[in-house]
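**Student:** Sequence:
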Amino acid sequence: RRQDPSKPTFAMLNPEAIVRKMDRDAINRAETLRQLKAFGLATEEIYAEDLLSFERKAVDLDVSVGEWSRLLVSWGVQPNKAIIEKVLLDEPMARKLPEPGP
1 RRQDPSKPTF AMLNPEAIVR KMDRDAINRA ETLRQLKAFG LATEEIYAED LLSFERKAVD
61 LDVSVGEWSR LLVSWGVQPN KAIIEKVLLD EPMARKLPEP GP
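Residue numbers for the sequence shown follow my numbering, so the first one is 1 and each next one is one higher.
A couple of the hints might just be wrong.
Said to hold, decoys possible - Dumping the calculated PhoX-like pairs for lysine-lysine here, alpha-carbon to alpha-carbon at most 20 Å:
1. 86 <-> 96
2. 86 <-> 57
3. 96 <-> 57
Hints listed in this document are in silico derivations from the structure and should not be mistaken for laboratory results.
Using the sequences and the hints given, assemble the complete structure.
**Tutor:** Below, the structure written as structure tokens:
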């Protein structure tokens with residue numbers, strides 16, 4: 001599109017800027033975790049993909065239940081896995097999304 005000015009550019013990707021931003025984010029994340037630990041706060045690394053995996057059709061529900069349980073424990077709450085499973089399965093998007101693919 002750069003060669004043909006009659007075609008508008010809708011998005012521009014600057015790989016170097018993206019890499020710099022990702023590097024800064026990684027440093028900031030590591031510093032935040034260090035500070036939390038220095039204050040005596042427990043930190044738990046939990047991924048949104050695992051919390052929301054119950055939305056995919058071909059998924060083991062135990063992944064989401066386990067991650068939600070870990071999240072609750074990190075907040076000082078004793079999880080009830082049967083209740084977590086029921087709440088997740090009652091969600092409108094439960095097991096609706098296809099597996100990610102190419």
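**Student:** Please flag the earlier hints that this structure goes against, numbers listed from lowest up.
**Tutor:** none
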